[in-house]
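UniProt numbering puts the sequence shown at residues 1 to 302.
Just so you know, these hints were derived from the structure itself, not from any lab.
Some hints could be false.
As the list claims (entries may be wrong) - Straight line, CA to CA, 20 Å or less: simulated PhoX-like cross-link-like pairs of lysine-lysine:
| # | residue 1 | residue 2 |
| --- | --- | --- |
| 1 | Lys123 | Lys182 |
| 2 | Lys88 | Lys182 |
| 3 | Lys146 | Lys182 |
| 4 | Lys88 | Lys144 |
| 5 | Lys162 | Lys146 |
| 6 | Lys139 | Lys88 |
| 7 | Lys123 | Lys32 |
| 8 | Lys146 | Lys66 |
| 9 | Lys182 | Lys139 |
| 10 | Lys123 | Lys144 |
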Amino acid sequence: MDYVTNILITDNQPRSLCFSSGEEFFAKVGGKVTLNCGVSSYRRSVQWSHGNDFLHSVDQRGYPRKGTVELVQRSLVRQTNLEVSSVKETDAGWFTCLADGTRHEHSLSVVSVLVSVQPSDLKRNDEATLRCELEGQHKGCEVKWKSPNTDSPTNPSTVQLKPVTNSHNGAWECIVTCGSYKFSQSLTITVQEPTTTTTTTKSPSKPNGKSGNNDASPRLLGLAWWVWVAIGVGCLVAILLMVCVIVLCVRVRRRKKRFLKMKGQQRPRHKKYCQCDHPTAAAKPKQGRRREKPSALPLHPA
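Could you build all of it, start to finish, from the sequences and the hints given here?
Here it is in structure tokens:
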């Protein structure tokens, strides 16, 4: 219902403003909400404020003005409505839309949906409790749980699972209804099979300090199979190395002999004289010296 009153403005002239009954809005923490001003258009200007804090103002030319509070960074004006994103609990309260002299008051209630299950590790045949709690301004809100096997919420805000069965597996949904607004928060439950405890009997320990349980790998003379494989591979490698060394030595000797043989064939051959066993021929007798003819006497003149 609208009513008229007189207020005092800065120019000290009494003017009349119309007040219109507002609407109640609900929002979830971290969500997004759109606050309707109450009018679809304006001729002069539209202005939004949160409590006593100025938020936004747009005149007929479309020129915007912004306030300095933190909420301004998370809100904007679309036509005449105010959109608020990343809602916080501090955003709850009264919002005022002033359009062409008409004041519209609206309230915003912010709720936080908290879901939990105790204990968190669910096993079959155990007992568990599901809770869906609201924080903030949630007057007149209704909370119900929707199980994985139902199409509509039928369980209250607190659900007792006694005992836990496999049918409780799946996504549970907590649905919050505040007037015409609905919020939901999901919780996935995984039911595990109970662990069966088995007792194992230990054989008496042996004198060498080893237990009677068989090892995973067979052993020979106290060594694992892979140790014997490593020893065998090492011996095989050593034998192959020895064979290679022997073959190499034999080849070197053969080459050396061949080289010496070729070198001996290249030397010059000396003539071999026949040495007979026959006696040597008698030496020729030495001839005496020939007598020299006496030289002729020189002729003397008579």
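Hint numbers not upheld by this structure, sorted from lowest to highest: Hints 1, 4, 7, 8, 10 are the ones this structure does not satisfy, whereas the remaining hints hold.
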